[in-house]
Each structure stands twice: as C-alpha cells, then as structure tokens.
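Student: One-letter residues, chain by chain:
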Amino acid sequence: MADPIVHMENITKHFGPVIALNGVSFDVKAGECHCLLGDNGAGKSTFIKTMSGVHKPTSGEIMFEGQKMNFASPRDAMEAGIATVYQDLAMIPLMSVTRNFWMGREPKKGFFIDFDKANSTTMSEMKKMGINLRSPDQAVGTLSGGERQTVAIARAVYFGAKVLILDEPTSALGVRQTSNVLATVDRVRKSGIGVVFITHNVRHAMAVGDRFTVLNRGKTLGTAARGEITPEELQDLMAGGQEMAQLEGSLGGTV
Amino acid sequence: MSDNGNGDGGALAAGGPDDERIKKTGGLRQWLIRPELGGIVGVIAVFVFFGVLAGDSGMFNAQGIMNWSQISAQFMIIAVGACMLMVAGEFDLSVGSMIGFAGISIAMFGVVWGLPMWVAILITFAICMGVGAINGVIVVRTGLPSFIVTLAFLFILRGFTIFIPQTVENRTIIGGIEEAAEGDWLAAVFNTDLAGWLFVWLADIGVVDTFSRGTRAGEPVISGIPMLIVWAFVLVIIGHVVLTRTRFGNWIFAVGGDAQAARYVGVPVDRVKIIMFMTTAFCATVFACVQVFEFGSAAADRGILKEFEAIIAVVIGGALLTGGYGSVVGAALGALIFGVVQQGLFFADVESSLFRVFLGVILLFAVILNTYIRRIITGER
Amino acid sequence: MKSFLKTVAAAALVAATPFMAVADGHESQRYVLVSHAPDSDSWWNTIRNALTLAGEQMGVEVEYRNPPTGDIADMARIIEQAAASGPDGIITTLADPTVLGDSIRAAVDAGIDVIIMNSGTPEQARDVGALMYVGQPEYDAGFAAGQRAAGDGVTSFLCVNHVISNPVVAERCVGFADGLGVELGESMIDAGQDPQEIQNRVMAYLNANPDTDGILTLGPTSADPTILALEELGLAGDIYFGTFDLGENIVAGIRDGVIQWGIDQQPFLQAYLPVVVLTNYHRYGVLPGNNINSGPGFITADGLELVEALAGEYR
Numbered sequence: 049m050a051d052p053i054v055h056m057e058n059i060t061k062h063f064g065p066v067i068a069l070n071g072v073s074f075d076v077k078a079g080e081c082h083c084l085l086g087d088n089g090a091g092k093s094t095f096i097k098t099m100s101g102v103h104k105p106t107s108g109e110i111m112f113e114g115q116k117m118n119f120a121s122p123r124d125a126m127e128a129g130i131a132t133v134y135q136d137l138a139m140i141p142l143m144s145v146t147r148n149f150w151m152g153r154e155p156k157k158g159f160f161i162d163f164d165k166a167n168s169t170t171m172s173e174m175k176k177m178g179i180n181l182r183s184p185d186q187a188v189g190t191l192s193g194g195e196r197q198t199v200a201i202a203r204a205v206y207f208g209a210k211v212l213i214l215d216e217p218t219s220a221l222g223v224r225q226t227s228n229v230l231a232t233v234d235r236v237r238k239s240g241i242g243v244v245f246i247t248h249n250v251r252h253a254m255a256v257g258d259r260f261t262v263l264n265r266g267k268t269l270g271t272a273a274r275g276e277i278t279p280e281e282l283q284d285l286m287a288g289g290q291e292m293a294q295l296e297g298s299l300g301g302t303v
Numbered sequence: 023m024s025d026n027g028n029g030d031g032g033a034l035a036a037g038g039p040d041d042e043r044i045k046k047t048g049g050l051r052q053w054l055i056r057p058e059l060g061g062i063v064g065v066i067a068v069f070v071f072f073g074v075l076a077g078d079s080g081m082f083n084a085q086g087i088m089n090w091s092q093i094s095a096q097f098m099i100i101a102v103g104a105c106m107l108m109v110a111g112e113f114d115l116s117v118g119s120m121i122g123f124a125g126i127s128i129a130m131f132g133v134v135w136g137l138p139m140w141v142a143i144l145i146t147f148a149i150c151m152g153v154g155a156i157n158g159v160i161v162v163r164t165g166l167p168s169f170i171v172t173l174a175f176l177f178i179l180r181g182f183t184i185f186i187p188q189t190v191e192n193r194t195i196i197g198g199i200e201e202a203a204e205g206d207w208l209a210a211v212f213n214t215d216l217a218g219w220l221f222v223w224l225a226d227i228g229v230v231d232t233f234s235r236g237t238r239a240g241e242p243v244i245s246g247i248p249m250l251i252v253w254a255f256v257l258v259i260i261g262h263v264v265l266t267r268t269r270f271g272n273w274i275f276a277v278g279g280d281a282q283a284a285r286y287v288g289v290p291v292d293r294v295k296i297i298m299f300m301t302t303a304f305c306a307t308v309f310a311c312v313q314v315f316e317f318g319s320a321a322a323d324r325g326i327l328k329e330f331e332a333i334i335a336v337v338i339g340g341a342l343l344t345g346g347y348g349s350v351v352g353a354a355l356g357a358l359i360f361g362v363v364q365q366g367l368f369f370a371d372v373e374s375s376l377f378r379v380f381l382g383v384i385l386l387f388a389v390i391l392n393t394y395i396r397r398i399i400t401g402e403r
Numbered sequence: 020m021k022s023f024l025k026t027v028a029a030a031a032l033v034a035a036t037p038f039m040a041v042a043d044g045h046e047s048q049r050y051v052l053v054s055h056a057p058d059s060d061s062w063w064n065t066i067r068n069a070l071t072l073a074g075e076q077m078g079v080e081v082e083y084r085n086p087p088t089g090d091i092a093d094m095a096r097i098i099e100q101a102a103a104s105g106p107d108g109i110i111t112t113l114a115d116p117t118v119l120g121d122s123i124r125a126a127v128d129a130g131i132d133v134i135i136m137n138s139g140t141p142e143q144a145r146d147v148g149a150l151m152y153v154g155q156p157e158y159d160a161g162f163a164a165g166q167r168a169a170g171d172g173v174t175s176f177l178c179v180n181h182v183i184s185n186p187v188v189a190e191r192c193v194g195f196a197d198g199l200g201v202e203l204g205e206s207m208i209d210a211g212q213d214p215q216e217i218q219n220r221v222m223a224y225l226n227a228n229p230d231t232d233g234i235l236t237l238g239p240t241s242a243d244p245t246i247l248a249l250e251e252l253g254l255a256g257d258i259y260f261g262t263f264d265l266g267e268n269i270v271a272g273i274r275d276g277v278i279q280w281g282i283d284q285q286p287f288l289q290a291y292l293p294v295v296v297l298t299n300y301h302r303y304g305v306l307p308g309n310n311i312n313s314g315p316g317f318i319t320a321d322g323l324e325l326v327e328a329l330a331g332e333y334r
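Protein chains in written order, with this note's numbering: chain X, 49 to 303; chain V, 23 to 403; chain W, 20 to 334.
It is possible that some hints are incorrect.
Here are some chain W residues pointing at chain V (derived, C-beta under 8 Å) [as the list claims (entries may be wrong)]:
no.: 1; residue: L72
no.: 2; residue: T88
no.: 3; residue: A92
no.: 4; residue: A95
no.: 5; residue: S138
no.: 6; residue: P141
no.: 7; residue: R145
no.: 8; residue: G148
Just so you know, the hints here were simulated from the structure itself, not pulled from any lab data. All C-beta atoms, glycine included, are put in the ideal place defined by N, C-alpha and C.
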C-alpha cells in the first residue's frame, strides 16, 4: 500500500502529572478506514485533539505526507487537510443546511454570500452522500442524527479533507441510521480519503474498518489488519488486555 | 422556498425507502418558521385593532401618523443593534444609559468645551463604541453572562452621565445645542426634515392640516420627514442585508447558535461578539444624536429603561432570547407594534397605566410563540 | 397561530373597556394634562385626583399623560401626540423649555389652547404661547412668607438652602428677605444634602448669630434636620420657623408648635383651575386676565386636621 498520509510515532501527552497518552503509534493511508478502538477513558479524545492540532504532543513525532508537522492550531491542521467531525457535530440546529455546510467558508459574490452556488453545491454534495434534502433552507434541527453526521462528513470532504477523523459517529444512533453512516464512511473511503474511525463499538468497526488499532490506558496495543483478528479478540483487548498474552500472537507481532 | 420536486420529505432516499413518518410539510408550516411572521401578523392585527377603536381620533391623521412613526423609529434604531446582538447570543443592558451618556458627551464637547459640533459627534461615537468594545471584550474574555457585565455598565455609564456635567457645570441638563450645532454638516445628518415640499403640496390638497395661527400660520403641521425615520430605515435595511446576505451575518447566526461549533469551523467568535457590542453602542449613539439635535438639550436622565424596550421589540419581532435565530425586519416590525400600541392606547382613550399590562401580555404571547416556532425548527416535540 | 393570540389580546383589551372614559352624547370639551413626573412620583397623585374631580364637576373629558420614566424627550412626544388627537386644550408642565418649547408652540399654532402648570415661570409660559401660568411663583411665595413673618415680629432670619445649584428655588429666599424688608446678605447658607451636615451648619450659624429670630427652610430635606438642630439647641418653639412644602415631619412639627407654618403650593389647584379656566373659556369665552398663583397656601396648626385627613389624595 501507499505511504501513510499521517504517521504518528510514539506520541506522549502529559497534562501536568496526568499522563493522557503514553506511547501512541498510529498511521492512516489514503483510501483506507483505520479504526481506533478504545473504552471510555482510554485516551481517545486526547488522541483526536493531538492529531487535529488542538493539543501539541509532549513528545513523539507527527509526519504529514512524509514531512514532520507541527500544527499550531486546529485551523492549521484543517488547512493541511485533516478534518475532524466531532461527536457533537459542530452543527447548529437553528441554521439551514446550507448555512451550516458553508459556515466559516461562505462563498462570496461581491459583498454578499453567493446563495445560488451555496445552495446548489450543498444539494449536490448531499446527494452524493445519498441524502436528498427537501430544501437547502431546511434547518439542520429537522434532520436525524445520522443525516447530521452525513452533512458534517460531506462538508469535510467538500472542503478538501485528505484525512477525516470521525469521533464516535455512530454512538448515538439507531440501527438504520448507523448503517447509513457506515455506508457514508465506505463511500468516503472509496473516494481516496483516509478515514480515522474512532469508536468503542467493535461491530461498527468491523463493518467498515481496513485496519484496527486498540487504545488502552493511553497506549496503543498494536494494529491488526482486517481478517487478522476476530471481534471477540478486539473486545477483550479493549476491555483491559487480561488475555493480552495469548492474543499477542494473533496480532501478528506488531506490538 | 425551493422544493426538490418529490415533496415527500424523504431525506434518507439512498439508505432505504422514504421515511413514512416524516410528514409532508405544507407551505403554511414553512411560513410559520419565518421569524418575521409573528411581526407581520402582529402589525396587521394592531392596525386593524386601532383602526376600529381609534380610527377617528386623530391617530391616522398626518400628525398622528407622524407621531407613532417617530416613536416606532426610535425603537427601531436601538432594536436593530439589540436584535443583531441577541442573534449573536448576547444582551446589552447598557443601551439606555449609553443614550444618556452619548447625549451628555455631545453637549460637553460641543457646548461646554466649545469644539465644533461634528468633532464632538465623532468623539462621542468613538467613546461609545469604545465602551461597547470594552463590554464585548469583558464578556468574551471572562465568559461571564453579558447580562451581568452590561448591567454593571448600565450603572457605570449612568453614574458618569450625572457626575461629569454635575461636576463641571453644576447642572445635569445642558442646553444651547441648537445654537452650537447651527450650520454644522454632521449635526444636520441627524436633524433635518426631508421632502418638505411634499407636505406643502399635501397641505395644498387638504390632506395635511396647516397651522391656523402664530408665526407659522398657513404652513403644514408637518415640515418634512425627520432624519429619525430615515435613520431607522437605513439601519434596518443595512442590518437586514448584513445579517441575511453576508458572510459576517452567517457568522453572527453561528456564534449565537453554538459558539463552540462556530469555533470548530474557524469562525472568529470573539471578534464577531465584540463587533456586535460595538454595533449596539453605535445604534444607541445614533439614537442620542437624533434626540439631542431635535430637542436642543442633553439631560442625564435620558434613555432610562430603553434597553428593555429594545429587547421587547426584538422579542416581539421573533428573535430567540437564547440566540442564533432572529430577524432585523422582524425586530423593526416589533418596534412598530410597540410604538403603535404605546401611542394607540392613548388615541383609543385607554387609561395610560394599562399600557404596561398590554405590553406584558403581548410580550408573553410573543415569547410563547417563539418557543413554539423553535420546536418546529429543531424538530423537538 | 399568531392571529389567534392577537385575538385573545384584543379581547383582553375590550374587556378593559369599562376603564375607558366614555364620551357622553353631547359635544363636550376634552383636555389633556401632560406632566413630566415618572410613574413612581406619588406627589402627582394629588394632581390626577384633582384633574378627575374637575372633569366631573365641569362635565368635560380629561386625560392624564406622563412619560413613564420621567424622560423629558418622551414628554415632548406625548405633547405632540396629545396635539394630534385634537383636544380643546392641553395643560402641561414646562420642565425644560428647550426640549418642550417647539412641541408646545406647534400645538398652540395648530389652534389648541395651552395652560402651563407647576414647573416653569409666567415668562416662559408667555414665550411658548400659553394662555396663562398656574403655579407658585417662587419669588412671590417667598415675598408673601416674608411679609407674614414681618407681621409676626421677625427682624432677622436664616435661610437653609439645600439646593444651592437651583437658582429658581433660591428665589424663595430672595423673596422672603424682600418681604421681611431686610438684606439677604449672608443669611442664606449652602446646607448641602446630607442631614447631619445640615444639622451641624444650622447649629453653627445659630451659635455664631445668636440674635437670629427666624428660620426659613426650602423643603423637607432641609426642614427635618433643622428641627433636630433646634431641639438640640433648646430653641424648638422659641425661634420663628417657617418652611416650604409639606412632609410628615413638617406636619408633626407644625402640630407640636416647632414650626409656625408650612407653605403649600397646592398642587390640587394646579390641576383643577386650568380645567375650570379652559372650560369656561371655551364655553363662554371668559378668561382671567392674569396668571394664577396656586400658592403660597399657609398651613398652620389650625388647618392641620384637614391636611392630615386628605394627605396624598387632594393635599
């Protein structure tokens, strides 16, 4: 496979005396979905924030397209092509889909927003993701949770994301909406974007993941490719690694 | 409203069959969620109501119309600023004190300290917008509710407004502004009557009454369209266009809707809020200028309670107190309702103390209606 | 939805119709009284009651309007509004001639008769084109009080002024001195607003000028501490003591004999008489040839019962 777009090597992050990340290695390649699994408190959100430029690592290196990167702000990471869709989505329910879609990057025609362009682009981008909007004026509040996820993903993709970090995109959804979001993830991956899918749901990870990395107590326990590991093994790893010794072999010696 | 043609509301077309539980929404519902709707219906209702009750009382003769138009225009000027700030998720309770403060500032610089009036006006705008910026900076830096921060400035500004003229001049009313502003180009921007010929003509054809005695006998009772009304219209139009048509307007909605979400996508939240506080200060200063140059004196007690009147107009106009939703045109209609009701009750010969009862009832209904609208928009049940 | 709500609101107002003044069948005059007082100022209740009473007695429609917050700029709009409603007359205070002048003049020029009451001066009233002024000219009130004191044998006095910055109120002292036939000279002191300071200054003055045999205070603010000062010096009841305006302590002082009289500007008359004057002017074309002084009315221990009984209503 090609070189990874983002490669993180032995990242640690300390908050005063608290060690949030203690040796995380992770990479994501174009066109793959790399799932990061971990239970609550494993350090997932610190990991996301480090990758998306909110936090600076205490030690370790982040390589972006083969170059050492030092993001000063989320804005930098975003401009480089790392887009994050947070769990709370960063969608504003009272505003229309179009206004949300373009928020912060509104297309201008002279002094004003080019609403013709904004509306038609929103409609077509949403259609690509498999959602037919009633109207681009429709408030985001009227959309279902899955649809909102899709708007956020479509937005990130449209604005040129090379890596898309999805923070627990399925955790609050019902069965059918979940399958829709997973279908969207699949679609995004196929378009050549590297997807980092963060979840604690092994079944959801298994559905779309190409590779799986387990995070526990601030450490990555290793990475396995699809077919090298069973859902049960992943589950056990996440749960605390009591059976780690016996699983080491099945992880392919990557620890 | 555009419609994609299938009209079935099936948003999840690709994921499966259309969701039969998403009801088809008619045009009525679409109209209901426009923030201006309440204002439009309210304006019609109020005019019908007073048309029936006070139709022959002078409320709708030229003077009467001018009277409630001026009152409404006053409310509109401060409601524009209050509306945009409320959409951005904040309040400014210092508006009323700012009006008094700005008036005294103009009088101090222009009359007491003898600067040219246009300089006094520009200095006053600079000071007041500076105070607005301070309001904003404190709110965004400390994260305190703007309610408390601007409440503090309500008292601070009013205190200075009394203290400064009292200390320097031994009085709290400063006159002589008319003389000092004579021939000043900038003062004229705030106090000129436009289109006087129109009213002369209207008087000729008998639509407008004329003065029957005194030095102005034979002249129409209305000498022109006051700048007060022009300012109101200009500010409403600019405010509406900025809010709905520009990138900055989108940021205002975003900041009030969810500041954190706006930050995620790179909206400069703090800057937007500070600029909005400066905008309310600007509107308050415009209000003060128009008032000071019309009446020729500044007094330390001007503008008391105006901040609440502005907020009431904005809420009647359909804005949500919680931010992220509202309309400048709606706020202007709210101001019109406010002005017409306040003056209309007099023409309808209702005991004046009942005005507050009426206002309270309208406000309550407006807030309930707004909550209902928000539920429709966000799909809550 | 909204229209339904509006209907309810309208219904609520219709339900309030009994509160509205209902015009009776025949053509009756209509007068609007505009004051500068905020809703919170209870002193004006007397004015409202007197206005209503005058309306009933004369058989005319009367209305009371005021800026809810006491904002004079709002008051100017109220006067314009009153003029637009085409009343036969407007009765208004002239709290700030600069602000109100144009509105009042426009009403006069539009053919509405205006009477100035309470605030303002006869000169200012003439200047805005009003028919007359009904109120208490401060100099004249002071002069009458001075004459009265002179009749009671007073030869020198102390004027306790707590609003030295207001030249109109100081006219009371000037008039008093003239009525008494003495020079004002040093006998008016700037007492300030603080009760303790006022008390000390009065005591200091009386110690320094032991031959002072009369005191004039300009309102409850200066009268109340002066009563305390006199009690402390043992002069209460001995020294001749008059005051402007009434208040609870002043009324008690009059009853106890500490204060000889209080000057009442009689707000009742300020509202009542303009209605009577205007009605007669419009019905029969008769108009008094002069301004009317509603005060000074002297309140002494004799008439105190009625004052106490009607306090806040008509007094």
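Student: Decide, hint by hint, whether the structure agrees.
Tutor: Do the hints match the structure? See the list:
no., hint, result
1, L72, "16 Å, violated"
2, T88, "4 Å, holds"
3, A92, "5 Å, holds"
4, A95, "6 Å, holds"
5, S138, "12 Å, violated"
6, P141, "19 Å, violated"
7, R145, "13 Å, violated"
8, G148, "7 Å, holds"
Of the hints listed earlier, those the structure fails to meet are numbers 1, 5, 6 and 7, in rising order.
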